[in-house]
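Model the placement of chain B with the ligands on the given structure of chain A, informed by the hints.
Next come the chains, spelled out residue by residue.
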Amino acid sequence: MKKILALVGTNANFSYNRLLLKFMKKHFKQMADIEIYEISKLPAFSVDVPLEEQTEVWKLKQKVKAADGVIFSTPEYDHGIPAALKSAVEWLSYHTTVLKKKPVMVVGVSYGRQASARSQVQMRQILISPDCDANLMPGNEVLIGGATHVFSKDGRLVDTEMRDNLEECFTHFIEYIQIFENVDEEEVKMPIKQPRISEAYIKFPTGRLSLKEVQQIFSTIPFEIDLIDSSDRFAWYSDKPNREHVRDVASLNEPVTECHPPKAVPAVMAIINSFRDGKRDVVTRPLWMNGHRSLIQYYALRDVDGHYLGTIEFTGSVEYILSLFEKGAWDKGADASTGASKHEDAAEAEDNETADASTGASESSDDNEETTADASEPAGIEETDADTGASESGSVDADDEAADATTGASEEE
Amino acid sequence: MKIAAIAGSNANHSYNRMLLEFIAKQYKDTDEVDVIDIRDVPMFNENYKGRAPKVIADLDQRIGSADAVIIASPEYNHSITSALKSVIEWLSYEVHPLENKPVMIVGASTHEQGSSRSQVQLRDILISPGVNAQVYQGSEYFMSDVANVIDEDGNITDEMSIKFLDKCIDDFKIYARSINRMVEERAAEAAKKEAAKD
Ligand SMILES: Cc1cc2nc3c(=O)[nH]c(=O)nc-3n(C[C@H](O)[C@H](O)[C@H](O)COP(=O)(O)O)c2cc1C
Ligand SMILES: Cc1cc2nc3c(=O)[nH]c(=O)nc-3n(C[C@H](O)[C@H](O)[C@H](O)COP(=O)(O)O)c2cc1C
Numbered sequence: 034m035k036k037i038l039a040l041v042g043t044n045a046n047f048s049y050n051r052l053l054l055k056f057m058k059k060h061f062k063q064m065a066d067i068e069i070y071e072i073s074k075l076p077a078f079s080v081d082v083p084l085e086e087q088t089e090v091w092k093l094k095q096k097v098k099a100a101d102g103v104i105f106s107t108p109e110y111d112h113g114i115p116a117a118l119k120s121a122v123e124w125l126s127y128h129t130t131v132l133k134k135k136p137v138m139v140v141g142v143s144y145g146r147q148a149s150a151r152s153q154v155q156m157r158q159i160l161i162s163p164d165c166d167a168n169l170m171p172g173n174e175v176l177i178g179g180a181t182h183v184f185s186k187d188g189r190l191v192d193t194e195m196r197d198n199l200e201e202c203f204t205h206f207i208e209y210i211q212i213f214e215n216v217d218e219e220e221v222k223m224p225i226k227q228p229r230i231s232e233a234y235i236k237f238p239t240g241r242l243s244l245k246e247v248q249q250i251f252s253t254i255p256f257e258i259d260l261i262d263s264s265d266r267f268a269w270y271s272d273k274p275n276r277e278h279v280r281d282v283a284s285l286n287e288p289v290t291e292c293h294p295p296k297a298v299p300a301v302m303a304i305i306n307s308f309r310d311g312k313r314d315v316v317t318r319p320l321w322m323n324g325h326r327s328l329i330q331y332y333a334l335r336d337v338d339g340h341y342l343g344t345i346e347f348t349g350s351v352e353y354i355l356s357l358f359e360k361g362a363w364d365k366g367a368d369a370s371t372g373a374s375k376h377e378d379a380a381e382a383e384d385n386e387t388a389d390a391s392t393g394a395s396e397s398s399d400d401n402e403e404t405t406a407d408a409s410e411p412a413g414i415e416e417t418d419a420d421t422g423a424s425e426s427g428s429v430d431a432d433d434e435a436a437d438a439t440t441g442a443s444e445e446e
Numbered sequence: 059m060k061i062a063a064i065a066g067s068n069a070n071h072s073y074n075r076m077l078l079e080f081i082a083k084q085y086k087d088t089d090e091v092d093v094i095d096i097r098d099v100p101m102f103n104e105n106y107k108g109r110a111p112k113v114i115a116d117l118d119q120r121i122g123s124a125d126a127v128i129i130a131s132p133e134y135n136h137s138i139t140s141a142l143k144s145v146i147e148w149l150s151y152e153v154h155p156l157e158n159k160p161v162m163i164v165g166a167s168t169h170e171q172g173s174s175r176s177q178v179q180l181r182d183i184l185i186s187p188g189v190n191a192q193v194y195q196g197s198e199y200f201m202s203d204v205a206n207v208i209d210e211d212g213n214i215t216d217e218m219s220i221k222f223l224d225k226c227i228d229d230f231k232i233y234a235r236s237i238n239r240m241v242e243e244r245a246a247e248a249a250k251k252e253a254a255k256d
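The listed protein sequences derive, respectively, from chains A and B.
Sequential numbering from 34 applies to the first sequence in the working numbering.
Sequential numbering from 59 applies to the second sequence in the working numbering.
For reference, chain A alone in the conformation it holds in the complex:
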């Protein structure tokens, strides 16, 4: 079912336009899931509102992004749209592209016979201006005049002619959304679910992988990975099932400052900038997520010459590892020569699994300590050990409950 966000175009406590949207929500519940949004929650638009005060704005932008379509219900004040509604649209066009190509529909109620026609014309002009660039559904005017006598006491639109027109226009809107969906799925969603050229191989110095294998490796390892590229855009995330951070393809290519709750932005940028400046290579955050002990590690991604390529966020539940630890999996000490057999003992004792499905040989040559040492220097920098990472992360954590370098959506909600 289509997800529609419907903005009440006024901040007034009583509003016929709100009444109309509530009616639409009920009346069309078989056709669409309509969420009504109150713009009175937003601060008045100003280019000088500090980012910390934009949490509501950020939430609205997330909702618009996630919606299949947006409806604006506009009253008419002085032959124009209300300032409060204009302010909301300014937020949706400033340093963001959430309205770009978003299917939108305009409706409106007013007292007089003119039925907010003038403000709807204005609303339409604004929505197609370059900074909004929405996919405005043409025609399909929903002009509801005589507000005081076309609604029943319990908020139903009782004028049959108006209701017929509303039904027709809303049906068109759902069809209108579908037109763009087909384009979208191929353009945007395909490469995520399936790499585009699945038959191709990538040759690494250490072997070759098909694109399908690459995709499935990322989906299979028990940690999820997100990449913020060197221009600070959210470039990619692994398609692991049951992710800790739920990502949306609609967020791809967004600036990192945009896909975060404003409060988390300073902490996130501090991490990224310290990576870019070469001051740090890893930041570790142990934390509880979705009811289990988890670990987030940010790593600076660098090329062989040390040039910054981006930041990867590596996140996963550590319950399994901790349970192994708590059950004494490593208790017998670091005895290099028998590492392999011990490992197998512990793993098999717990889960009755083979320790190493691919090759036992490599396992036996790798003792446990070596493995830990490897893991702590993926960026090839010796001095960054797990300890410094952890202590640094302490300072980052303290003032920020949602420093998720890619998008904190799931933690914030």
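It should be emphasised that the hints constitute simulated quantities derived from the structure, not laboratory data.
Model, not experiment: these values are computed from the prediction.
In the DSS-like style, the derived pairs of lysine-lysine whose C-alpha atoms are separated by at most 30 Å in a straight line are:
1. K186(A) to K107(B)
2. K107(B) to K55(A)
3. K312(A) to K296(A)
Chain A stretches covered by chain B per the calculated footprint, using a threshold of three residues with CB under 8 Å from any CB of chain B:
4. 75–86
5. 105–113
6. 122–132
7. 147–160
In this text, a Cβ means the ideal position worked out from N, Cα and C, and glycines have one as well.
This is chain B with the ligands only, laid out in the frame that chain A set:
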């Protein structure tokens, strides 16, 4: 002439406010230009019925007592700013100081079109029945690419621009005088009729 000049931007750094301050300076010998900063005007809300914030009474007084009004309108999304729209809504709700007031629209924009679209829209809004201002229809004054025309000390660096501004304001002052005379005459006529009735 007493001119209330409303800067239609709530940005701390605003070219439109700078433009009005330039006009105030330019005309200080002949006219009293009161530049109105709208940064402290809250978002219009019908819920405030009967208890509008104090700044609204202040605006009512400053605009009501002026002989003419200049509004400098920025352009956001091909439209006037919500900040300016909010001011107009306050001034068309419980107080109506713009009613019959001669108003001239000017505007500055950092883009090429120079706020022309928002000026057209503002005109429609100002002549709507709830506002009912007397909008000057003469030359349009809009300043495109304003970041290269007004310097950081608020001076207009382009001679042509200043000359044209002078001409626009001089024309507007003539218009404002005639409108005010007409409004006075109308009021006098109405009063005479009232008196005749008794
Ligand atoms: C400041 C102000 C200006 C208004 N201007 C207009 C107008 O130009 N045209 C119109 O039809 N109604 C106008 N109205 C009346 C609104 O249409 C009416 O208040 C309507 O109920 C607003 O929609 P709502 O019930 O969804 O808030 C105005 C109301 C206010 C408060
Ligand atoms: C949200 C937003 C939307 C804008 N849209 C437009 C526009 O549609 N046309 C235009 O000429 N300038 C547009 N601009 C740029 C403004 O013209 C520029 O910011 C100008 O400096 C505003 O006037 P001020 O300096 O008086 O605040 C926009 C600016 C913002 C913040």
